[in-house]
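Please construct the entire structure, taking both the sequences and the accompanying hints into account.
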Amino acid sequence: MRVGIEVGGTFTDLVSVDGGEVRVVKVPSTPRSPDIGAFNALGAAGIAAASVTDLVHGSTVATNAILERRGATIAFVATQGFRDILFLQRHDRRNIYDLHYAKPAPPVRRRDCFEVAERIAADGTVLTPLDEAAVARELIPALAAGGYQAVAICLLSAYASPQHEMRLMALIGAALPGLRIAASHAVAPEFREYERASTTALSAYVQPVIDGYLDRFEATLAGAGFTGHFSVMQSNGGRMPATAMRSNAISALLSGPAAGVVGAIRQAARSGRGNLVTFDMGGTSTDVALVQDGEASLAPETEVDGLPIRTPVLDIVTVGAGGGSLVWIDDGGMLRVGPRSAGAEPGPACYGRGGTQPTVTDAHVVRGTIRPDAFLGGGMALDAEAAHRAFADVAQRLGTDVRGAAAAAIRLAVANIVRAIQLVSTERGRDPRDYALLPFGGAGPLLAAEIAEEIGIREILVPPNPGVISALGLLSADYVKLRGITRRMALDADTPGLIAADCARLRTATEAEFAALGLDGALEHTLELDMRFIGQAFEIPVAVDPAELPRLTVAALAERFAAAHRRVYLHGGEAGRKVELVGLRFGVRRRLEALPEVKERAAGLRRPATAEVVTGGAAVQARLVDAALLGVGDVVAGPALVEGYSSTTWVPPGWSGARDAAGNMLLRKEG
Amino acid sequence: MQLDPVEYAILSQSVIAAAREMGVKLIRSAYSTILREARDGSAALLDAAGGTVAQAELIPMQLGSIGRVFQPCAAMFPAATLEEGDFLVINDPYSGGQHLQDVFFFHPVFFEGAVIGFAASVAHHLDIGGGSPGLNAGARDLYAEGLIIPPMKVNMARDWYGADGQGGGFQRLLRANVRVPQQTMGDFDAQIAANAIGVLRMQELARRYGVAKLRATMAGLQDYSERRMRAAISAVPDGTYHGEASLDTDGLGSGKVTVRAAVTVAGDGITVDFAGTDPQVGTNLNAPFASVISASVSCLKAALTSPDIPFNDGSLRPITVTAPPGCLLNPRHPAPVRARMLSTSRAWNAVMMAIAQAVPEKVIAQGYDTTTAFCLSWLSPVSGWSVYLEVYGGGYGAGLGNDGCDAVDNPLSNCSNTPVEAMDQDFSFFRVLDYALRPDSCGSGARRGGLGFSRSYAILVDGPLVSHYSDRFTGQASGIFGGGPGASGRCEVLRDGKVISLRSQDSFGLQRGDVVTISLGGGGGYGKPAERPAALVAHDLADGVISAARAEAWAAQG
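Those protein sequences? They're chains E and W, same order as listed.
For the first sequence, the residue numbers in our numbering are 512 to 1182.
For the second sequence, the residue numbers in our numbering are 6 to 563.
Derived from the structure by calculation, the hints contain no laboratory data.
Be a bit skeptical, because a hint or two may be false.
[What the hints assert, rightly or not] No more than 25 Å apart at the CA atoms, straight line, and that leaves these computed lysine to aspartate or glutamate pairs for DMTMM-like:
| id | chain 1 | residue 1 | chain 2 | residue 2 |
| --- | --- | --- | --- | --- |
| 1 | W | K533 | W | D445 |
| 2 | E | K1089 | E | D1005 |
| 3 | E | K1089 | E | D1056 |
| 4 | W | K218 | E | E965 |
| 5 | W | K367 | E | D609 |
| 6 | W | K218 | E | E938 |
[Stated by the list, open to error] If the Cβ cut is set under 10 Å, some of the chain W residues that face chain E in the computed set are:
| id | residue |
| --- | --- |
| 7 | Y13 |
| 8 | S17 |
| 9 | E26 |
| 10 | R41 |
| 11 | G191 |
| 12 | I197 |
| 13 | A199 |
| 14 | K306 |
| 15 | I314 |
| 16 | P424 |
| 17 | E426 |
| 18 | A441 |
| 19 | F458 |
| 20 | D548 |
Beta carbons are placed, not taken as given, at the ideal position from N, Cα and C, and that holds for glycine.
Right under this line is the structure:
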């Protein structure tokens, strides 16, 4: 049996596949010890650990350790003259009119930052040799005395030559064998010292936390007789065996949103669709991504709580628009939705836990697209009266009634998500109308049709069990390892050959790593080249098939870059501007066999034939349909609510939905 | 036209998003370190009359007055006379601009044959000609500071690209007058790209929602910012409040040069009058009036209002700024103005000191608040000019409940540093030796000021030039409500074991083996040092932020 368990902030989701049988379970998360929630989910699904052959896990343990500054006590070692780089940061402010601005707090105290005499030039030559005597005399005793759980090393130009960092690791390792060491050349071998140092420090900071978590998780699994493969999701959309995380915890950050996108991609592929805009709407925020030909693009860098992390992550834009987002009117009289949220406590007014401010969820209750009796498959009764009361004030100030105010809130929530979609599409030179919309998360399918109308998308694919797509993504994720390096050179006739040599080297190293982890079988290779016009600071990634390298000319390479530049910036290549390569990312992937079909979990709820929904300023009778009973080929014409266990889909008038052979519901606008 | 409130909210957010996208693309497609790393540029969308509607929030100094800079262009080239492909250019401080390095481009947005607005961008250019690369510390008039561009109408096809593949006349004129055309012309391309995005997005919005609704939204958004500004100003007690702040020197040995502000709060409006400010000076410290408006409004907006009020022409309406002609803050042509950030920062300080009397809980102490432009240049016998320019801040002033931010750009600017590893790749004539916080540079107080920092550069060849302007080399950022002052800054050259101290505005010829160290000062403290919790003093001591001697004497400082 294969099992995916995704630990989110509020719920822990489980999807299991055993032959043709699929189970879906949602249980409350246990934030203090997320593993307890994970095992609760196994219990609730009635799954014995011993029967699981493949367990994939995603959690927010690493991200939360940073957000809450609950990582390890670490030391930081830099080149002489540069111990303060984690505090100096980039000298800018995120909010230019905030007089009380504070920089994001680094994961290390200044007193725990040390220096070593050494210097390497940008071309890798040694300018000042490493002062090994001083390391033995000063640094090692200081590290020994500090009681550190880990040490992060980031020396200038280590991306160009790792020799000093490697020597320093050896010296520290010999003197202090128990101390974990993260070195920047191994964690993120790319130029820009602050970003590399931040990544390395965060890696050292979260590693002991992840190790402790995985130790506990594996011990519990072993105690329950588990003998299968245990792997962990990464932010790049692939999984790796849990043992690989013992040296690379930083790649497990933000794995939840990545798992969702992977699940969405796999589910859409069944219906033959590879060009997608995915949006995952949860309680507090919405994650949006663009998928081209079945691949989500990667961003080379992300940040958590303002701290930069240089590691490839799926390019996902997050906006503060979720079901719990507050609806309010600011002191200039403008209607606003989010970014503040009612959170889980008190939650939306309709939860009846003391919330009085209106939220997007309350707006759905008022307009009728969430039925109080049918929420979470009837598992949680909602207080419709409270939702109406919450909107009274906004309605009065807008000069409308409660229904009008709720409709306004919905339109604004839609607009917020549309802007996020524009960020990943039009702002990157892609027309969203060329893509299918794939909504998921508990609140996604309720708004999908209105978002599609607003942006001109004509086709929506609603997957079965939209609320647990992330857990499904875990199960269907490939094994992926990406290695990025800085390799700066002006494009010339030698470039393709040099890239090919880099690829060969990275391929050997990565495949050896796969073999050591027991990942055999056919491997695929990917390559992205980060290029820019000489003089620019920001690169554009251009994907190249490693197999075509021997045939690739410099002119073709430059033109591919110029085309990408034109798409984003509307200009490029004027006056014969020269192109340079800055870095490259090589990837190795072992594909997994396809999952069996996942069916909608039956809610088993008794429901009337129709319910009233307010849409377009008028009340209509919407048909009520059980998502689990909508069979292949069945068509439901809007207005209709298709209610499932984890989510409801709103099919507005003029739209219709049909279950296709792959199990997805395809929504189309008629005419 | 009456707008449905939801449509208005959606359209306004779309306009703001478009301006933000312009800013992102301006920075990300730029070529010079000053624009791409330091991000010294801004972008905005204007209505057809030139009122700023939405801006990419990058540099407060440039943002406050894009609309005002536009007016002289519009007066000379009314929108109705523009044709598709035309755009407007200006950098002349005496025709409404800021300083010559900030070149403004305004591209009209045509829709169904009419101009419905303008996409605007401004970038600080690395070199715009003039008497010295990057910055001419010795300039005694505007002509020595670079190429002067009065309000001009330029046609993209004819004057920029040119018909014959040689480049248009205006573009070739610019190219011929700048020392590093690869960077400067590339940055102009980035400005054009940013404006093209703005034009495209405005046209899309006009198409989607109709031009009448877009126009109404542009007007509504300015009214909205005005309303919110006025609401915030109304909460400030009425009265006239006075504040002053000084520059160390005019750079020619004058002693202090003082800015004096009288801030009058009356109901929901504010008047800032700089009468009594010292006369203009012979060096580049003079501030064009457009910059003074930006500084005053930026200070009042930051201190009195919520940071989420979109900055546009509406935010300027409740605030009137005046400065007598011939004073430091309203100089007469052709006084040099390159270092206008220094005097406008003192204007910012003076306004803050004034309103501190009205709203003590909202203000902060003085920070180092000194834009230090630091330039190393070298004419290589082989590869031509190599110009490195960096903009530095210092420590921020402390507030009621917070220590001042350490080592960050000053309130009127927001430049990032250049990574040391980027310099290692791009410049062969110097190498950065250290980059560090300056312990003990903070002003003491119940909350301490931010720390200053320093950077040292080893010079690897004979013949480079260091040019810089700064301030507070003898003076300091003063504390407030009993807080102590931050440390002064300095710039020194270590040559053959001897230290040569440079003045706060200086140029100096360098030799191989020299080490240039620029040290930026700290921010002032807020409240009495004795009221600082002992745990915070102990924490700073353990982190080496303050010395043992300073910690011991903390409570007695002030």
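Okay, the hints, checked on the actual structure:
1. As the CA atoms of K533(W) and D445(W) are separated by approximately 17 Å, the hinted pair is consistent with the 25 Å bound.
2. Proximity of K1089(E) to D1005(E) is assessed by CA-CA distance (about 15 Å); at most 25 Å being required, the pair is judged to hold.
3. For the suggested pair K1089(E) and D1056(E), the alpha carbons sit about 23 Å apart, so the restraint of at most 25 Å is met.
4. Proximity of K218(W) to E965(E) is assessed by CA-CA distance (about 16 Å); at most 25 Å being required, the pair is judged to hold.
5. For the suggested pair K367(W) and D609(E), the alpha carbons sit about 11 Å apart, so the restraint of at most 25 Å is met.
6. In summary, the hint linking K218(W) to E938(E) is supported, as the alpha carbons are separated by about 23 Å, within the 25 Å threshold.
7. For the restraint placing Y13(W) at the interface with chain E, the shortest Cβ-Cβ distance is roughly 8 Å, inside the 10 Å limit, so the hint holds.
8. At a threshold of 10 Å, the smallest CB-CB gap from S17(W) to chain E is about 7 Å, leaving the interface hint in force.
9. Using the Cβ-Cβ criterion of 10 Å, the hint placing E26(W) at the interface with chain E is satisfied: the shortest such distance is roughly 5 Å.
10. The beta carbon of R41(W) is positioned within 10 Å of a beta carbon in chain E (closest approach about 4 Å), and the interface hint is therefore held.
11. Contact between G191(W) and chain E, as hinted, is supported at the beta carbon level, the nearest pair being about 6 Å apart and thus within 10 Å.
12. Taken as an interface hint, I197(W) checks out: its beta carbon lies about 7 Å from the nearest beta carbon of chain E, inside 10 Å.
13. Interface restraint check: A199(W) against chain E, minimum CB-CB distance 9 Å, threshold 10 Å, status holds.
14. This hint holds: K306(W) has a C-beta 6 Å from the nearest C-beta of chain E, less than the 10 Å allowed.
15. The criterion of a C-beta within 10 Å of any C-beta in chain E is met by I314(W), whose closest approach is roughly 7 Å, and the hint holds.
16. Restraint check, P424(W) versus chain E: the minimum CB separation of about 5 Å is within 10 Å; hint holds.
17. This hint holds: E426(W) has a C-beta 4 Å from the nearest C-beta of chain E, less than the 10 Å allowed.
18. The beta carbon of A441(W) comes within 5 Å of a beta carbon in chain E, closer than 10 Å, and the hint placing it at the interface holds.
19. Because the beta carbon of F458(W) sits about 6 Å from the nearest beta carbon in chain E, less than 10 Å, this interface hint is met.
20. Because the beta carbon of D548(W) sits about 4 Å from the nearest beta carbon in chain E, less than 10 Å, this interface hint is met.
This entry satisfies every hint, going by the numbered hints stated previously.
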